[in-house]
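Q: Those sequence lines, one after another, are chains A, B and C. Numbering of the first sequence is given in the working numbering, commencing with residue 2 and proceeding in unit increments. Numbering of the second sequence is given in the working numbering, commencing with residue 2 and proceeding in unit increments. Numbering of the third sequence is given in the working numbering, commencing with residue 2 and proceeding in unit increments.
FYI, nobody ran anything at the bench for these hints, they're computed from the structure. Some clues are possibly wrong.
It does not matter which identical chain is used: a pair holds within one copy or between any two.
[Claimed, not checked] List of simulated lysine to any residue pairs, SDA-like, C-alpha gap at most 25 angstroms:
| hint | residue 1 | residue 2 |
| --- | --- | --- |
| 1 | K316 | A301 |
| 2 | K31 | I60 |
| 3 | K307 | A321 |
| 4 | K31 | D67 |
| 5 | K180 | G22 |
| 6 | K180 | A118 |
| 7 | K180 | G261 |
| 8 | K180 | G95 |
| 9 | K307 | V72 |
| 10 | K31 | P282 |
| 11 | K316 | A38 |
| 12 | K31 | A51 |
| 13 | K31 | G279 |
| 14 | K180 | P74 |
| 15 | K307 | H178 |
| 16 | K307 | T286 |
| 17 | K316 | F306 |
| 18 | K307 | P282 |
| 19 | K31 | G4 |
| 20 | K31 | A66 |
| 21 | K307 | P294 |
| 22 | K316 | R296 |
| 23 | K180 | H228 |
| 24 | K307 | E297 |
What you are looking at is a predicted structure, and each value in this text was computed from that prediction instead of being measured.
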Amino acid sequence: VVGDPTTPVHAVAPLDRAGPGDLSFFSGAKYAARFAASRAGVTLVSPDLADHPGPAVRIVVERPADAMLAVLPALYRPPERVSGVDPTARIGRGVQLAPDVTIDAYAVIGAGAQIGARAWIGSHCVIGPGVILGDDVRLHPHVTLCSGAQLGHRVAVHSGARLGNDGFGYIFREGRHTKIPHVGRCLIGDDVEIGANTAIDRGSVDDTVVGAGTKIDNLVHIAHNVHIGRLCLVMAQVGIAGSVRVEDGAILAGQVGVAGHVVIGARATLAGQAGVFGNVPAGETWSGYPARPHREAIRAHAAMFKLPSIIRSLKRLVEAEDRARADAAPDAAAAAPDHRPARTGTP
Amino acid sequence: VVGDPTTPVHAVAPLDRAGPGDLSFFSGAKYAARFAASRAGVTLVSPDLADHPGPAVRIVVERPADAMLAVLPALYRPPERVSGVDPTARIGRGVQLAPDVTIDAYAVIGAGAQIGARAWIGSHCVIGPGVILGDDVRLHPHVTLCSGAQLGHRVAVHSGARLGNDGFGYIFREGRHTKIPHVGRCLIGDDVEIGANTAIDRGSVDDTVVGAGTKIDNLVHIAHNVHIGRLCLVMAQVGIAGSVRVEDGAILAGQVGVAGHVVIGARATLAGQAGVFGNVPAGETWSGYPARPHREAIRAHAAMFKLPSIIRSLKRLVEAEDRARADAAPDAAAAAPDHRPARTGTP
Amino acid sequence: VVGDPTTPVHAVAPLDRAGPGDLSFFSGAKYAARFAASRAGVTLVSPDLADHPGPAVRIVVERPADAMLAVLPALYRPPERVSGVDPTARIGRGVQLAPDVTIDAYAVIGAGAQIGARAWIGSHCVIGPGVILGDDVRLHPHVTLCSGAQLGHRVAVHSGARLGNDGFGYIFREGRHTKIPHVGRCLIGDDVEIGANTAIDRGSVDDTVVGAGTKIDNLVHIAHNVHIGRLCLVMAQVGIAGSVRVEDGAILAGQVGVAGHVVIGARATLAGQAGVFGNVPAGETWSGYPARPHREAIRAHAAMFKLPSIIRSLKRLVEAEDRARADAAPDAAAAAPDHRPARTGTP
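The shape of chain A in the complex, shown without the other chains (with noise of 0.2 angstroms):
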């Protein structure tokens, strides 16, 4: 620590925005003039960057945007809650609302739902009939909680996203896809957080769940009774179909798309775009399409690249092989139909 180490900060800012309350950090020497004109409180500064012009009190630690992620949860002010439920909320027949809930603006909800204490509902969110939502949940605004949707304690879910919708299941008859009913639930366990505008289907007779502490990010799809183990995460645009089952702390990459009933072994990790079609063992990095292990991925992909020269280089062989019949034995060459070396007539 270089200067006063009882600085107070209360806060967190980059450079430019920072003042005498917050912690910041200076990471690269094309910040430094960032850096020099900052008035930040305190500053987080690589060992390279230590003797720069700039705020007097520093911190030298070897990488300070990481390290700065790391104390972000300490000094993070989260938005102020203000408990109440806004004259314009509709609530349903027969809602139970614990102590101390916040229903902002134009929030519907259904008869029957049962809503935890300190939940926060944010504005113009929907929650249907008989939803049940644990103690501490933040919906941000624009959620919908469709009927059959099941949230745990501290769950936290992004604008637009839709949970507990029907499934998408048909049978081909008598000419038309005729509907198939959905009526499972939608399961979300404790400290789940959900990311905006994803997607997450009801069971059609059994139930969809979601593992206590996974966290899924934005524009996700998850189908019908797919089953999600704890403490999971699952990248941005992941799509997985039916009746899949990711075990607990799988990883699964931006994009990676899982075919219906697959199960996805405990601890695996799925790369981006990866298109999976059978079981990943537990433990296992996946990649590539259809997915394999990653390293006879990587192999493969890097053959593939390397195979036009391989096909120039064995035409080449090809041909020389075939210059080689001719001049070794011309005659036989050509009256040898099956294409069997012409070396073969020579003793």
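Chain A is already provided as a structure; the job is to place chains B and C on it using the hints.
A: What follows is chains B and C alone, placed relative to chain A:
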């Protein structure tokens, strides 16, 4: 049938939530405890599980889960609709409401829109000026229908779907992307169902069209001027670029992408994540990137994954060949600048 | 021009819906019947169709559809905006409304937000505390702008887009994914257009930035700390992971995925579904998975699809070789455990 074949049921539920008036199903030994404890009035049971202890009235069928889905439409009680216009709904000038419609809280309907008989407009839906809805349309909460949208009878649109948005069209002139206004329509045929958070753009001058009986899943993108035929299935996260034509009965699996102006023939199937850059003939199944006939694609991918070992074998072959030349005629080999096999020099 | 060149038109429409005041176009013989029956005031017609019977006033041009798009911006009448704040709109404390804004029904604007002149906030939009909008901004219905969002002048945001959401950032500690709070901004430059149901996250400490004149399509995901330059085109369902830098004028086609921290150079083009895991140099076109320069990728994929037949040829070659050895020196061949060609044993 085991037990009283006249036992009445009027709903469906999984074993653990079923009561005496419910039909349930028992399809795996791992659910034996739930079956034993179930209060279900009637249970579908597979032949191998028919003797397990549990509810008295059971129907033995080969695949109870499938059988369940098949009878669901008959037993399902859809959510009750109460006709009437919520006092908070905003009905624009000249809107035509057919008899017996339901318009929920905070819905906004623009001037001159026409709403068919028994339509159910969910909370917070926004319907643009001049939009036309047929009879028995169901809009779930938070749907946006922009001007130019026209929906047939019995269309269902799930939460957060956006129909009739401006397409993505620009002309680059004078150093900027100049927007092409969109004046075409977005025409949705009878009995179409559209998933949560799906976006279907209006046409530029021509129309975007989805044919009768086609079903579209969540988070699908359909660009301007696309024509989709009747009875197609378009699964989650599919993206269809401008002016594509998808003919009747085609099936597009999850995350498929189709490039602009391509034609997908009638009853063609595109496998999950296929990237389609050219026309697909009627009735064929294509897959992979760039998409090819499925058998060809499977063989190519299988070969790709075998490629690293093939390359290794090939190298061994070539090295052996080289050694052979060296053994056979070392001097000639050394003198052969063009890598023609050494033995071509041997008479 | 055929007919009266002073015929006035003030709108555009397809042949079957055009009236005497409309410009339309006739670009294919299959539309001849519609052309014959059309009431269009003026029609753009391709040279080969110029003699078909139909509306009297026609302008003969090479590509009528393109010509139509080119004149559309001049003829298009945008929807009429009526300034005023709807009585149901909720305006928070300290909100600054510039003159002549339009705020539609049920919009909610948080404390301290600033709305520029002539901005049009659609029905049901939710604008967080402190958000800043420039002049002539157009928010279509159901847009969410979270705290930290700042939009320049003339920005258009389509229905259901979510700007300034928390990014997907967690640190795994003590057996759980601990959320990294997000305090960075989401800065959208002048003249940006953003498609329906797109999600753009705010920065963690740094900002997420979209440069002036860039156009973004439907269902796109842009993660925290991404910087996108000016005049880029980002097509539907593209996913851009955290801290990616996309430089000016780059084009990302539909369903492209870009891995974290990658740099896409100025004016680079990424073809549809490309999976980009490394930096792309300025001006280059890349495609495929993992993305490579387009020519290289095309050759590799073409080779991959030829691979099965190559492998078959190769097998025939090796078998022939084996037979050759057997014919030439069966004993030596049998004695050669290392598969060196039999003839190496022949003097």
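Q: A separate judgement is required for each hint: does it hold in the structure or not?
A: For each hint, the structure was consulted:
Proximity of K316 to A301 under the C-alpha cut-off of 25 angstroms is found in both arrangements, the shortest distances being 21 angstroms within a copy and 16 angstroms between copies. Taking the closest pair of Cα atoms, K31 and I60 come within 25 angstroms of each other only inside a single copy of the chain (19 angstroms); across copies the shortest separation is 57 angstroms, beyond that limit. Both within a single protomer and between protomers do K307 and A321 lie at most 25 angstroms apart by alpha-carbon distance, with minima of 21 angstroms and 21 angstroms respectively. Taking the shortest alpha-carbon separations for K31 and D67, only the intra-copy value of 18 angstroms comes in at or below 25 angstroms, while the best inter-copy value is 46 angstroms.
Taking CA atoms no more than 25 angstroms apart as the test, K180 paired with G22 passes between copies only; the shortest distance there is 23 angstroms, against 59 angstroms inside one copy. Taking the shortest alpha-carbon separations for K180 and A118, only the inter-copy value of 21 angstroms comes in at or below 25 angstroms, while the best intra-copy value is 37 angstroms. When the C-alpha separation of K180 and G261 is checked against a cutoff of 25 angstroms, the pair qualifies only within one copy, where the shortest distance is 18 angstroms, while the shortest distance between copies is 30 angstroms. Proximity of K180 and G95 under a CA criterion of 25 angstroms is satisfied in neither setting, with 31 angstroms inside one chain copy and 35 angstroms between copies.
Taking CA atoms no more than 25 angstroms apart as the test, K307 paired with V72 passes in neither setting, with 46 angstroms inside one copy and 48 angstroms between copies. In this homomeric assembly, K31 and P282 come within 25 angstroms of each other (Cα to Cα) only across copies, at 21 angstroms, whereas the closest approach inside a single copy is 45 angstroms. Taking identical chains as interchangeable, the C-alpha atoms of K316 and A38 are never at most 25 angstroms apart, the minima being 65 angstroms within one chain and 61 angstroms between chains. In the homo-oligomer, the alpha carbons of K31 and A51 lie at most 25 angstroms apart inside one protomer (14 angstroms), although the nearest pairing across protomers, at 62 angstroms, exceeds that limit.
Taking identical chains as interchangeable, the C-alpha atoms of K31 and G279 lie at most 25 angstroms apart only when they sit on different chains, with a minimum of 22 angstroms there against 47 angstroms within one chain. Taking the shortest alpha-carbon separations for K180 and P74, only the inter-copy value of 7 angstroms comes in at or below 25 angstroms, while the best intra-copy value is 46 angstroms. In this assembly of identical chains, K307 and H178 lie within 25 angstroms of each other by CA distance neither inside one copy nor across copies; the values are 46 angstroms within and 39 angstroms between. For the homomeric pair K307 and T286, the shortest alpha-carbon distances inside one copy (24 angstroms) and between copies (19 angstroms) are both at most 25 angstroms.
In this homomeric assembly, K316 and F306 come within 25 angstroms of each other (Cα to Cα) both inside a single copy, at 17 angstroms, and across copies, at 17 angstroms. Taking CA atoms no more than 25 angstroms apart as the test, K307 paired with P282 passes between copies only; the shortest distance there is 21 angstroms, against 29 angstroms inside one copy. Proximity of K31 and G4 under a CA criterion of 25 angstroms is satisfied intra-copy only: 23 angstroms inside one chain copy versus 65 angstroms between copies. Taking CA atoms no more than 25 angstroms apart as the test, K31 paired with A66 passes inside one copy only; the shortest distance there is 15 angstroms, against 49 angstroms between copies.
Taking CA atoms no more than 25 angstroms apart as the test, K307 paired with P294 passes in both settings, with 20 angstroms inside one copy and 13 angstroms between copies. Taking the shortest alpha-carbon separations for K316 and R296, only the inter-copy value of 21 angstroms comes in at or below 25 angstroms, while the best intra-copy value is 29 angstroms. Both within a single protomer and between protomers do K180 and H228 lie at most 25 angstroms apart by alpha-carbon distance, with minima of 22 angstroms and 23 angstroms respectively. In this assembly of identical chains, the alpha carbons of K307 and E297 lie at most 25 angstroms apart whether taken from the same copy (15 angstroms) or from different copies (9 angstroms).
Hint compliance for this structure: hints 8, 9, 11, 15 are broken, all remaining hints hold.
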